[in-house]
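Chains as they are written, first to last, in my numbering: chain A, 382 to 765; chain B, 62 to 214.
Rather than coming from a laboratory, the hints here were simulated on the basis of the structure. Each hint should be verified, as a subset may be incorrect.
What the hints assert, rightly or not - In silico BS3-like cross-links for lysine-lysine, where the CA-CA straight-line distance does not exceed 25 Å:
{"#": "1", "chain 1": "A", "residue 1": "702", "chain 2": "A", "residue 2": "546"}
{"#": "2", "chain 1": "B", "residue 1": "164", "chain 2": "A", "residue 2": "702"}
{"#": "3", "chain 1": "A", "residue 1": "546", "chain 2": "B", "residue 2": "164"}
{"#": "4", "chain 1": "B", "residue 1": "164", "chain 2": "A", "residue 2": "703"}
{"#": "5", "chain 1": "B", "residue 1": "70", "chain 2": "A", "residue 2": "556"}
{"#": "6", "chain 1": "A", "residue 1": "565", "chain 2": "A", "residue 2": "596"}
{"#": "7", "chain 1": "A", "residue 1": "414", "chain 2": "A", "residue 2": "439"}
{"#": "8", "chain 1": "A", "residue 1": "764", "chain 2": "B", "residue 2": "203"}
{"#": "9", "chain 1": "A", "residue 1": "556", "chain 2": "B", "residue 2": "164"}
{"#": "10", "chain 1": "A", "residue 1": "736", "chain 2": "A", "residue 2": "524"}
{"#": "11", "chain 1": "A", "residue 1": "703", "chain 2": "A", "residue 2": "546"}
{"#": "12", "chain 1": "B", "residue 1": "70", "chain 2": "A", "residue 2": "657"}
{"#": "13", "chain 1": "A", "residue 1": "703", "chain 2": "A", "residue 2": "736"}
{"#": "14", "chain 1": "B", "residue 1": "124", "chain 2": "A", "residue 2": "524"}
{"#": "15", "chain 1": "A", "residue 1": "565", "chain 2": "A", "residue 2": "736"}
{"#": "16", "chain 1": "A", "residue 1": "596", "chain 2": "B", "residue 2": "164"}
{"#": "17", "chain 1": "A", "residue 1": "596", "chain 2": "B", "residue 2": "203"}
{"#": "18", "chain 1": "A", "residue 1": "434", "chain 2": "A", "residue 2": "414"}
{"#": "19", "chain 1": "B", "residue 1": "164", "chain 2": "A", "residue 2": "700"}
{"#": "20", "chain 1": "A", "residue 1": "524", "chain 2": "A", "residue 2": "657"}
{"#": "21", "chain 1": "B", "residue 1": "124", "chain 2": "A", "residue 2": "556"}
{"#": "22", "chain 1": "B", "residue 1": "70", "chain 2": "B", "residue 2": "164"}
Stated by the list, open to error - Reference excerpt, derived from the structure (chain A facing chain B, CB under 8 Å, subset only):
{"#": "23", "residue": "537"}
{"#": "24", "residue": "556"}
{"#": "25", "residue": "557"}
{"#": "26", "residue": "599"}
{"#": "27", "residue": "601"}
{"#": "28", "residue": "603"}
{"#": "29", "residue": "622"}
{"#": "30", "residue": "629"}
{"#": "31", "residue": "641"}
{"#": "32", "residue": "643"}
{"#": "33", "residue": "658"}
{"#": "34", "residue": "755"}
{"#": "35", "residue": "756"}
{"#": "36", "residue": "757"}
{"#": "37", "residue": "760"}
Keep in mind that this is a model prediction, so the values were computed, not measured. Glycine included, every Cβ here is placed at the ideal spot set by N, Cα and C.
Here is what each chain is made of, one letter per residue.
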Amino acid sequence: MSKTKPYGILLIAGLMTHQENYADFFLADPRCKLIAVADESDVPTRRADLNRKFASEKNLPYISDLDEALELEDVDIVSVCAEHERRGRVAVKCARAGKHIYLDKPMAYSVADASEIVSAVESSGVKSQVYSMVHSSWAQKAKRAVESSAIGELIAIHCDILFAKGYTSDSISRKPRNQDPYPKRFTFIDSKRELRATGVYSVGLIRWITGAEVKTVFGVTGNYFFEEHLHNHVEDFGILAMKLGSDVVATISAGRIGYTSHPSHGPMRVHLVGTKGVMTFDAYNPRIEVYTNEPSWAPPQMNPEDPMGFWNNTYKNSKPKKTWIPISTNQRYNNDVSYFIDCIESNLDSEVSAKDGAAQVEILMAGYLSAATGNVVSLPIPKE
Amino acid sequence: MEFLYQTVKEIIETGRVGTPVFVRFIVQIMPSGEHILDTLARFLVIAGSWLASIPIRVYVQHKENSAQITASVEYTGGQTALVSINIANILTSRIDLMMIGNKGALYQDGEMMPPGFDIDFEPLSIPEWLMDAIEQSLFAGKPVSIEEVVDFE
Numbered sequence: 382m383s384k385t386k387p388y389g390i391l392l393i394a395g396l397m398t399h400q401e402n403y404a405d406f407f408l409a410d411p412r413c414k415l416i417a418v419a420d421e422s423d424v425p426t427r428r429a430d431l432n433r434k435f436a437s438e439k440n441l442p443y444i445s446d447l448d449e450a451l452e453l454e455d456v457d458i459v460s461v462c463a464e465h466e467r468r469g470r471v472a473v474k475c476a477r478a479g480k481h482i483y484l485d486k487p488m489a490y491s492v493a494d495a496s497e498i499v500s501a502v503e504s505s506g507v508k509s510q511v512y513s514m515v516h517s518s519w520a521q522k523a524k525r526a527v528e529s530s531a532i533g534e535l536i537a538i539h540c541d542i543l544f545a546k547g548y549t550s551d552s553i554s555r556k557p558r559n560q561d562p563y564p565k566r567f568t569f570i571d572s573k574r575e576l577r578a579t580g581v582y583s584v585g586l587i588r589w590i591t592g593a594e595v596k597t598v599f600g601v602t603g604n605y606f607f608e609e610h611l612h613n614h615v616e617d618f619g620i621l622a623m624k625l626g627s628d629v630v631a632t633i634s635a636g637r638i639g640y641t642s643h644p645s646h647g648p649m650r651v652h653l654v655g656t657k658g659v660m661t662f663d664a665y666n667p668r669i670e671v672y673t674n675e676p677s678w679a680p681p682q683m684n685p686e687d688p689m690g691f692w693n694n695t696y697k698n699s700k701p702k703k704t705w706i707p708i709s710t711n712q713r714y715n716n717d718v719s720y721f722i723d724c725i726e727s728n729l730d731s732e733v734s735a736k737d738g739a740a741q742v743e744i745l746m747a748g749y750l751s752a753a754t755g756n757v758v759s760l761p762i763p764k765e
Numbered sequence: 062m063e064f065l066y067q068t069v070k071e072i073i074e075t076g077r078v079g080t081p082v083f084v085r086f087i088v089q090i091m092p093s094g095e096h097i098l099d100t101l102a103r104f105l106v107i108a109g110s111w112l113a114s115i116p117i118r119v120y121v122q123h124k125e126n127s128a129q130i131t132a133s134v135e136y137t138g139g140q141t142a143l144v145s146i147n148i149a150n151i152l153t154s155r156i157d158l159m160m161i162g163n164k165g166a167l168y169q170d171g172e173m174m175p176p177g178f179d180i181d182f183e184p185l186s187i188p189e190w191l192m193d194a195i196e197q198s199l200f201a202g203k204p205v206s207i208e209e210v211v212d213f214e
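Bound conformation, chain B alone (with noise of 0.2 Å):
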């Protein structure tokens, strides 16, 4: 995961595709043992650091009884994100990739990740805030705004 984050984030500063304005993760990874909550909350670090922005309002949905999460998120500079986690019963992991910028876009269609693929890579620490906002719009079923859960302080 560290060679495809890096390899993003080194194009994204060649501004070859300009400000990138929309990320969406289709993830399909393996049961590792991690909570599907902190997974989720990794890859909306990684979209986050590509997109540099912040979110402001996170919506997690989640069938009951599956191993399936997805979040939608908007970011300060009005930038979104679409991350799906799911977890199952394969061989190998899978990550789709569409990241658009204003001038271009890049795509990872779903390659297989080669054995050894490293989905715990974890580029950027998780911040409490999001974790708490991913946990508390999924508890309520409905859209967090970051605000109602940041001590800005």
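Looking at chain A on its own, in the form it has when it is part of the complex (with noise of 0.2 Å):
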């Protein structure tokens, strides 16, 4: 099915949310328009500020009552930002309302509330996408390499992703993290519970290289680097253990880091142990590195707004670390949203759909209730 008209985009939150990237892929694909920012109408006042910021800075009109904004004709998809906790509500209603939803990761807070937007989206017969690293062209390679039995039977696959963002701190005691098993809290200003926020990746690649679902998970949350963690009782860092139904073993390490841990945005990589010996797929492979007589890379000066580095808007104007530069290979896609946009109009079901989502949530949760037991957690979970 191939719209005349361009496929319009309700965009659900603004500044300091991924909805900054995410507008921007959209705005890249010609087949979509922006229609209008909109948010709950009982939003905290600093979040609807925000909205109405990012509305101006994109020429929208900011609608402040959901239900009003998915009454719109002209709306077909909406991009779903809204903070963890209510993201659930806010996609199931979008779904319900028959527009297609393009999802911020990890999709929803709970393994119920990413339950019910599967169930909203297939009710609903409208299509739904979850933000991922699938489309990089290492991960595209290493899927490659597992469907074409470059290295054997796959026994193990190994994937570590990490942001090299944040001013590490000297001051935190050495000692295991007392971890809650039933997280509640995601959101903060200076922090995020880092093993779902950069773990969701690797699970999420893991579950699409393979094309595993996963059985039981191990897990350990750790405070290594952040007094602004510590202080929210949140992970800086996490590492799962995993078996997936196939019985391959798989391991994750995930967290951020540090602005000088990496001479870039943090390892990126992705290990396949098979029967033929280990292939490694990296972000940064192939590379150029660059080294020149220019004053050494620093970190940006601190937004204390946003001490993490989390959104490109507050630190719009700090300069790129520039040693490393990979070597473009061709990619199937180099916007997530024009493959969601692709789906749409060839009726089919994302490659990470709401589902893979749900399971990805799922993972998660799973690792924070073993990483608060010692012991290894079987799947499916209860839906707390």
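Once you've looked at the hints, go ahead and assemble the two chains, each given alone in its own frame, into the complex.
Shown next as structure tokens:
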């Protein structure tokens, strides 16, 4: 189904969310047209102000009543970046209104919320997609290596995606973290639960590359780097060790490790272990390394509104690291959103649909439960 | 292996990367006759030496009929390690290392080790309790607390 009119895009939540990026993805696809920024009528004043400012920057109207916004006939797709705690409620409402939904990651606050989103998508017959890294060239190559049996039979898969951002502290005492088995709060100005926020990428890639479901999860969380995370009782680092449906072993490391810990954005790679040996796929390989007499890169001045560097807009004047320049290789999609539009036009389910997003959420929540108890957790886990 | 171990140790001692908090090893080696559990133990001892800590919990995973073993370890100071040993019929060994400290990180990106690279280097003795923990976790299919296997007397 190809539309004669562009797809109308409604943006839920604005500045200081990943909508800063996703709005630009939609703008970059000529099949899409941004219609408005909107949100629930009872959001806190700070959120409403950030939404209004974002709408103003994009020359869009701000609609402070989500129900009213969903009645707009020219809205076909909703990009949902509401905070984790209310993301499920908002996504369900959008899907039930017959809108396709593009979801920030992780797609829901809880296993129960994730399940409700999946039900709403299925009963409404709309398409859904959760933002992921599956279209990156290194991930695509890894999937091809598995599918072509280039490594023989897959035995294990190990994925590290860590973000080199934030100002680390020297004053954090070294002790095992006391993990809450059922974390309830995920939104803070100065920290995120990093096992969820960054681990979701690795968990998503492992499921997508192997095509296998996770059976068991063992997790450990840590506070290694940031006083902000420690103060908010959230982890800045975590590992998961999983067993997949085919008895393949899978591990991930996830977290935020500080601006100075990597020559670029942070380690991003997947190792495939097969009967024929090990293959590694790295976001920065192949690359050019550049060394010049330019002044060394220095971390940007800390913005107290965003000390961890979560959002592009708060650091838009900062200089990027330029030592490692990845050599661009052909990607099937340069833009995650364009793939979603193709799915809608072809009436195909996305390879990272709400159902996949729900599986990601369950694995991550099982990781917290394991980290709290020290035990291996079998899936499925109860909808807490 | 001795040179890699020493080089990393010396960098840690300079304080440039701060306090080590996480070690990730992906090791691919040729069949040598050594049991894969002994190789795993040796790399866990090396990781523990860099982290300057001893394990409190060890979880070992192995896919049946494969020459692969993976350990997830939590240490007394809350540090963590993921160590994967893979035996394959290859020409040279390969070690991929990521060691993260609270002020920086070290990376050894899976370079092929030169011929003659001594994988059998044993910088420190392998404690019996570590071997016990590895075997117990593997046998039980679950994490093992070191307290359960160590006689602290």
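We went through each hint and held it up to the structure:
no.: 1; hint: A/702 - A/546; in the structure: holds, 12 Å
no.: 2; hint: B/164 - A/702; in the structure: holds, 17 Å
no.: 3; hint: A/546 - B/164; in the structure: holds, 12 Å
no.: 4; hint: B/164 - A/703; in the structure: holds, 20 Å
no.: 5; hint: B/70 - A/556; in the structure: holds, 22 Å
no.: 6; hint: A/565 - A/596; in the structure: holds, 24 Å
no.: 7; hint: A/414 - A/439; in the structure: holds, 12 Å
no.: 8; hint: A/764 - B/203; in the structure: holds, 24 Å
no.: 9; hint: A/556 - B/164; in the structure: holds, 17 Å
no.: 10; hint: A/736 - A/524; in the structure: holds, 20 Å
no.: 11; hint: A/703 - A/546; in the structure: holds, 15 Å
no.: 12; hint: B/70 - A/657; in the structure: violated, 32 Å
no.: 13; hint: A/703 - A/736; in the structure: violated, 38 Å
no.: 14; hint: B/124 - A/524; in the structure: holds, 20 Å
no.: 15; hint: A/565 - A/736; in the structure: holds, 22 Å
no.: 16; hint: A/596 - B/164; in the structure: violated, 35 Å
no.: 17; hint: A/596 - B/203; in the structure: holds, 13 Å
no.: 18; hint: A/434 - A/414; in the structure: holds, 19 Å
no.: 19; hint: B/164 - A/700; in the structure: holds, 21 Å
no.: 20; hint: A/524 - A/657; in the structure: holds, 16 Å
no.: 21; hint: B/124 - A/556; in the structure: violated, 32 Å
no.: 22; hint: B/70 - B/164; in the structure: holds, 16 Å
no.: 23; hint: 537; in the structure: holds, 5 Å
no.: 24; hint: 556; in the structure: holds, 5 Å
no.: 25; hint: 557; in the structure: holds, 4 Å
no.: 26; hint: 599; in the structure: holds, 5 Å
no.: 27; hint: 601; in the structure: holds, 5 Å
no.: 28; hint: 603; in the structure: holds, 5 Å
no.: 29; hint: 622; in the structure: holds, 4 Å
no.: 30; hint: 629; in the structure: holds, 6 Å
no.: 31; hint: 641; in the structure: holds, 6 Å
no.: 32; hint: 643; in the structure: holds, 6 Å
no.: 33; hint: 658; in the structure: holds, 4 Å
no.: 34; hint: 755; in the structure: holds, 6 Å
no.: 35; hint: 756; in the structure: holds, 7 Å
no.: 36; hint: 757; in the structure: holds, 5 Å
no.: 37; hint: 760; in the structure: violated, 15 Å
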